[in-house]
Amino acid sequence: MNKIKTIFKGKFLFIFGPFFLLWLLRYIVPNYTISSKTPHWAYIPPKSCLGGCGSIDGFIPFVDWTNALIQFLRKYEIFGLFTFRDFTRGIANYVDKFLDFTEAVLHKGFPSYEIGPLPWIFIITLTVILGFYLRGWRLALLGGTCFAYLILFSKRGIWELSMKSLAAISVSAPLAALIGLCLGILAVKRKKFANFLWPMLNILQSLPHFSYLILVVIFVGIGTKAGVIATVIFAFPPMARLTILGLQNISQEIKEAGVMAGCTKWQMLFKVEIPAARSPIMLGINQVIMQCLAMIVIAAFIGQPGLGHDLLIRLQGLRLGEAFEIGVAVVLIAITLDRYSQALALKEPERREGNFVKRNPYLCATFFAIIICSILVFLFPFFNEYPKELTVSASVYLDNAIKSFTRSLFVPLGIFRDWMLIYFLMPLKAVFQSMPWTGVILFVGAIGWKLGKMRLALTVMLFVFFIASSGYWVRAMITLYMVFASLVICALIGIPLGIWASKKESRTKLVLNICDIFQTFPSFIYLLPAIMLFQISDVSAIFAIVIYSSIPMIRYTVFGLRNVPQQIIEASITSGCTERQLLWKVKMPLAFPEIILGANQTLMFALFMVMIAGFIGTVDLSQEIFRALSFSDGGKGLIIGLCVAFIGLTADRLLVEWSNQMKKKLGFIN
Amino acid sequence: MDDQIKISCSNIWKLYGENPEKFLKENNNNPSTEQLKSNKYIPAVRDASIDVKTGEILVIMGLSGSGKSTLLRCMSKLIQPTDGQVFFEGKDLLKATDKELIEIRRHKMGMVFQHFALLPHRTVLQNVAFPLEVQGIEPIKREDRAKEVIKLVGLEGREKYYPRELSGGQQQRVGLARSLAVEPDVWFLDEPFSALDPLIRKEMQNEFLRLQNMLKKTIVFITHDFDEAIRLADRIAIMYEGLIVQVGTPEELITKPATDYVAEFTKDIPRSKLLNAESVMNNEDKKLYDNTVNCKEKIEKIASKVLKSEGSYSVIDENKKVIGSLSKKEIIKALFAEDKNE
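Respectively, the protein sequence lines represent chains A and B.
Residues in the first sequence are numbered from 544 upward in steps of one, following the working numbering.
Residues in the second sequence are numbered from 13 upward in steps of one, following the working numbering.
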């Protein structure tokens, strides 16, 4: 009895009250259900898209407004000289100049000078030497293996495709890094700019890729350069973020040392601050490269040739064996680039004394390697162009293997799939679809208010209101249902796995390493096993989402549990805790704020993956984005993108604030 | 030269809070502790006035949060004080332009930091040459000078090392060398030895005294360690909650503590190491006894012989003039003075 009393006294009623009221309304107000043609306004926002919708207004016509703005920008003439679109296309042409160069070096050659592209032997040798220089033989081996695979398996042209992708990355990555660095520096130096940049970065990073692809098509066109520009837009935010963090975290004393030495502002920046923050900045470069790789498949949607393009075609044709071969290539390149750039970030300058060769061993090695390779290429055509006869392809065998594998598992997997659909996914979907929008707004507002921030409450309520008023409420709730279902499964997998992994040092290492590898896979890769196992259904989409987004759940759980202060653990053991008590009474409560952050990250990852899963035919917001993409409907794409971003930002704001407040209570932060 | 004033601070205030300038003005430039607290202002430095004389070692002492580092940073204008004036060689630092400040820092000031603040991507040589590099001195010249200073602090042969390859003590030697590279007039040291092991700390203090004997800089030295303060200081300023409580020589602080707080600080100091004959002698008794001691002699050195002998000792100054006497009574009083309250 007492328990019930406290529940009603506490926040329970307060938070769930709005829902309860609206639930009651169903019985009072007629036609208050989704099935009726004109659902009650408080239930489904008016003018909403209910089924598949071509174009929809919403009760606030954001899409029309955005399209009008885009039209205006297309026609608007800057200084009466050229239109905005000419301006963006002009920039794109500059990008094209760089692209011409990298493409020529890697796969086209310079026909006007009768020079071919860089022979494969050069690329492998230089990669190996760089690997040795950055960390040692293991890294060199990884790099060597990667390119060896590319050349060996290039029966269907994997080498050329890889070189095309690398040519695009070698333009987009430096460009994105440079833009991110400059914006980051500017934000640190100018407070006002930071206030503007930070929310921009938040939105940019939570916008699904596809929503601005359309804008890139409108303002730049299609092809490699458009892909590069889309990639840059997608890849610069983490660089800017890490630059800001890096510069802000320089110890006060080092800055003071710079001032006391009499540095001018520029000297401070280039001689003290940037070098002192070089590790986070390098990590930013690593992030940029990974984002660029993640984009190679997505940029293929707007006609960027390369590995991504071919992977996409094979996925669409369900030629899984060939897709798998290309997938391996993408993963190998991703892991190689990731490890190389990480090694670069962690590289400390080394002291070498002695003569020139001793001081610069790698420079000399490179020099000799170039000479030897040149001679080899000159003497043997084998080293110039790898003969097609010697390439292999395992795709036929893979196809057969995949077929027999799925055939043998067809029945049990089918049963599992149907069971999931009927007993878990469908009911959950029904719950989400029966949520009234007004109730959801009040709900997030109540949580925000409960967390003690009026501003927070208003912000998240505004986010939800935007989604409701834009006309995509029903679709958004399907997206939310998929994300939530994945989140639940991720937590069920990730938390126990995290607990298991945190028990021993060796397990932690193993699990974190696996997480690292999985995280480097470009997201499209996860669709491969999903389609293989579950054909095309919500289950396969959720399967792909779960594999991709369990990673942060596991990571944060491990991190939270392992970071419980040693003295507290010792104190609990001496108090006589059993292993189980230690876990549930001490470690879990202390790790809980981190686990919440993990859930938040998982949610972000899931939102990302949901959008990509739209490719295999889900009926949520992602389907609408794909439709917008095929109709080049920029306004619609952007508004749906913002809907997705706002789902993410709402959850992010609330969860991060909650986690922070718990950390404060526990005294972990001030 | 001796009494020439190098840096003069008067009525320095540094408050943290919403609008400290306005708040200070509204309270006649002298808000009370209660006023500060009720308006949620955190006082780092309160009404501090102090002069640093040319060639002296001034130690600013206080516990953490007492405002000593903030005061130091106001002197070098790393921090802009809320109110007050700082004169450096007669020049108003707070009114100096950025350009003038850069010039002053490049040529007249050197600073050593608690956590060394070495640039991790530069070798020892490059770190030490850094202040010269930013002045635009050509590479060969600045490296020669840097090598000289590295030799001075005893790190010869380590020029090509990176900071992470050095021990804490060695890193701080690099910090000392860097601050000395430009031959500054004033040397600021902000708890330079606090992050070091006790043994290394002692060694570095000796090193510091050796350098100062050679270089004769004007020094402002921050520490929270009273032992360190009396070992190194010509004068000590004690700070408490942003206020300068007392400024004086080590002897003055022990014999005439201005407040209970200072007395509490000086209580545990082995007085015999610090007090000399002059400061504990009987001023009235100016008879010439058989045995004499020099007035500058530390009690530590003379206590046992006075205690062993039956009679009194005369205390004489440099001119052999008798200025007082010492008997067992004075020595015992000096050694166990803290017991007098009990």
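Calculated from the structure, these hints are not laboratory results.
Virtual Cβ for every residue (Gly too), placed ideally from N, Cα, C.
Heads up, a few of these hints could be off.
[Said to hold, decoys possible] The calculated BS3-like cross-link candidates involving lysine-lysine, where the alpha carbons are at most 30 Å apart (straight line), are:
(1) K49/B with K1207/A
(2) K814/A with K111/B
(3) K49/B with K808/A
(4) K798/A with K120/B
(5) K1052/A with K1206/A
(6) K798/A with K34/B
(7) K65/B with K49/B
(8) K814/A with K120/B
(9) K735/A with K111/B
(10) K317/B with K890/A
(11) K808/A with K333/B
[Stated by the list, open to error] Stretch-level coverage of chain B by chain A, calculated; a stretch enters the list once three of its residues show a Cβ under 8 Å from a Cβ in chain A:
(12) 142-149
(13) 164-175
[Claimed, not checked] Label-pair distances were calculated between CB atoms; the ranges are:
(14) L106/B with C725/A: 28 to 38 Å
(15) M811/A with I17/B: 25 to 35 Å
(16) P892/A with S179/B: 33 to 43 Å
(17) F1211/A with K52/B: 19 to 29 Å
(18) F1211/A with L227/B: 40 to 50 Å
(19) M811/A with L106/B: 13 to 23 Å
Structure-based check of each hint:
{"no.": "1", "hint": "K49/B with K1207/A", "verdict": "holds (24 Å)"}
{"no.": "2", "hint": "K814/A with K111/B", "verdict": "holds (18 Å)"}
{"no.": "3", "hint": "K49/B with K808/A", "verdict": "violated (37 Å)"}
{"no.": "4", "hint": "K798/A with K120/B", "verdict": "holds (19 Å)"}
{"no.": "5", "hint": "K1052/A with K1206/A", "verdict": "holds (26 Å)"}
{"no.": "6", "hint": "K798/A with K34/B", "verdict": "holds (29 Å)"}
{"no.": "7", "hint": "K65/B with K49/B", "verdict": "violated (35 Å)"}
{"no.": "8", "hint": "K814/A with K120/B", "verdict": "holds (21 Å)"}
{"no.": "9", "hint": "K735/A with K111/B", "verdict": "holds (25 Å)"}
{"no.": "10", "hint": "K317/B with K890/A", "verdict": "violated (64 Å)"}
{"no.": "11", "hint": "K808/A with K333/B", "verdict": "violated (61 Å)"}
{"no.": "12", "hint": "142-149", "verdict": "holds (count 5)"}
{"no.": "13", "hint": "164-175", "verdict": "holds (count 3)"}
{"no.": "14", "hint": "L106/B with C725/A: 28 to 38 Å", "verdict": "holds (34 Å)"}
{"no.": "15", "hint": "M811/A with I17/B: 25 to 35 Å", "verdict": "holds (31 Å)"}
{"no.": "16", "hint": "P892/A with S179/B: 33 to 43 Å", "verdict": "violated (19 Å)"}
{"no.": "17", "hint": "F1211/A with K52/B: 19 to 29 Å", "verdict": "holds (25 Å)"}
{"no.": "18", "hint": "F1211/A with L227/B: 40 to 50 Å", "verdict": "holds (47 Å)"}
{"no.": "19", "hint": "M811/A with L106/B: 13 to 23 Å", "verdict": "holds (21 Å)"}
Checked against the numbered hints given earlier, this structure breaks hints 3, 7, 10, 11 and 16; the rest are met.
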